[in-house]
Amino acid sequence: MATIQFSDVTRVFRRDGKDFLILDGINLTVQDQEFVAIVGPSGCGKTTCMRMAAGLEFPSTGSVKVNNVVVTEPGPDRAVVFQQFALFPWKSVHENIDFGLRSKGLGKHEREKLIAHYIDLMNLKGYESAYPHQLSGGMQQRVAIARAYALNPHVLLMDEPFGALDAQTRVVMQEELVKLARKNPRTVLFITHAVEEAVYLADRVVIMTSRPGKIKEILDVKSVRESEDWDQHSKIEDVMDLESFVHLRTRIWKSLREEHAGTDH
Amino acid sequence: MNDQISRSQFWRLTAIGTIGFFAFWYLARVLHFAPPQFLPMPHEVLAKLIDLLYNPFAGYVLGDHMLASLQRFGMGFGLAALVGIPLGLAMGWFRLLDDIVTPLFDGLRFIAPVAWVPFAALWFGTGIGGPTLIIFAGAFPPCLINAYRGARNVDVRFLEAASMLGVGNFRTITEVLFPAAVPSIIAGLRIGAGLGWMSLVGAELIVASSGMGNLIVRAQSAIATDTVMAGMIAIGVVGVVIDVLIRRLERWLLKHRNA
Amino acid sequence: MVGVTTVVVFLVLWYLATTVTGLVNPSRFPRPNEVWAAFSFIQTEGYGNGKLYQHVFHSLQLVAMGFAVAVSVGVPLGLLMGYSRRAEALINPAFLLLRPIPPLAWIPLAIVWLGLDDGSKILVIFVAAFVPSVINSYTGVRNIEAPMMEAARMLGVKGWRMVAEVLVPGSLPMIFTGLRLSLQASWTTLVAAELIGALYGLGSILNQAAQDIYPAMILVAMVLVGLCGAATTWLLGQLENRAMPWRKGRVAA
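One line per chain: the protein sequences are A, B and C, in this order. According to the numbering used here, the stretch in the first sequence is residues 14 to 278, in order. According to the numbering used here, the stretch in the second sequence is residues 154 to 412, in order. According to the numbering used here, the stretch in the third sequence is residues 201 to 453, in order.
These are calculated hints, taken from the structure and not from any lab test. Quick caveat, the model's predicted, so the values are computed rather than measured. Cβ atoms here follow ideal geometry from the backbone N, Cα and C, with glycine treated the same way.
Reference listing, derived: stretches of chain B covered by chain C, where coverage requires no fewer than 3 residues with Cβ under 8 Å from a Cβ of chain C: (1) 170-179; (2) 274-284; (3) 354-362; (4) 371-380; (5) 385-392.
The whole structure should be built from the sequences, with the hints applied where relevant.
Written out as structure tokens, the structure reads:
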């Protein structure tokens, strides 16, 4: 059972003697093997939520629990995929994926098997000895995802992972991630500001208000996806054409637009 | 990085570190790491420093020694800046000049400034020319290199605009390259000042009859360790003051440009 | 090609100025043939207590020793100060107090403590090479991007593995910058220390030649100082290239 639980979480940020309220009373539970996306205007604190689950930041009040254990520090059980990839430039693709595995005390044979499996899965075959700077952005992010998945984490945390990629690569990555997520379901918390991405990938979409961030609405996408059988379409553009998809997307856009209007953007 | 400690914790540890340094110094004496005339206690050094302000050593009081050093420094550093900066800018603009000067410069660059001392003594005797040459040898490379880099890194669009407006070579260098290269030039001045100050001390250790370098080397012959240390501290302090002054200049210039 | 021409022109001018026209007084600046003669002399007969290779070897030895000790202490210290704010707070005061004192100003003190032997020279070289190593290693660690550090922590990397597989490789470019500066400082300081008093070494040749008023030998020593500095710097550059094999061209799309 791998759940993420935010209980009455607030986060206050102190800068130059002033206090900024980033998050205000967040209550959210991500169920086991559920894919939850958080969308919201810039500065609403959605990334902060993810970082608290990761153990990179801590709530001012309230608690963040993964598997009913309060998060105190980062660790491989809560794997993170960063927007900037955060691969180590001095390690090859193979070594980058291996790096986290070594902390888990796995034997060499086991590690090699895992690495080979994920390299194959993420279409990285042939690039095992390449260094990150020799790869395109999309390839690098594939390595980062492989690295995270290979850890077999309880929870996967993704911080706008496709934000730094160009539009075409982005689409390809979204399709790949969907396939991966359906094949290897995991508890995922996915942060994005791209509404379509959220609707396409997630089981539930959480909409946040502008700062101080609160949860405005939570939409259930999974039931719509299953009843309308989106997964029969392998191409993303076909899914995005469906009426049910457009309906959800527009609903979220409207909700976000209210937030933007409110903050004078 | 890893441990985030609070401001107050940071300053507390800094205080401990400072006290620890002096405690270690005193301890070294107490434990007889070295005999008293080789390792004076901190307060003895301070007392000597103050004493030197009024009582001459090696012919002059501290103030006069410092003045002599600063005079030489001023000449050498001033010359290095006055020659290095325009030359660097010109080299950044005229490719031919760059091609001519760079090989010569690269050849001379690896010769430590102090290695010029024998020739300096030969050519200038004990006059002010000697130390000036050595300070110049130390301060010139950074001034030149930074002016050169600053000129080369100017946004091409400025140069295109200038040529479109029909601006001649001289004015391009003075009115386009120079202002754009100012941050780099100031960085070069700071490095040059540091190296120049160090070269000055080195020169005075060997071929001077006054000045801070001369002071500490005379103190060394007399095994007046407290004077040596007092001199070292004074040299360090003035070096910092020079650096701070140049930083002030940098800040003032940057404010001026953005105004 | 212009470079080669410049050097040739320069040499020709030198020859003309000193030999042919007598514009430059040979007691002030040596003639090319005199320099060559001095060079041969010191190689075969020796000068100032030894032959050329002995002097060069001695200087190289001292630089190597002082540099090696300074770097082996300075780089880890800099890395530690960069990684741990606690370590930084504790060590910084001592560092800030000693740093403003130019390394050359340590020479008299070193002579008081260790005499005119090799020991005092190594001490001064150590002081000179120490500071740039610390500062640049410190900066190197601080410049490692936050996401990378967070990724390392997320992956459960701790202790020695963090140092060896993240901090050091991440700081390596800046560490090498520091090494280059340390090397430069080492040579400058050594020459000065040897000039003041030494039995062997390039600086001692300079000193002896100055006393004997032997301009040709002065020039020989100066050129050698430059060459040794350039050669050791080149070696460091080669090491740098080999240490960071990941910094090359682009491969995939």
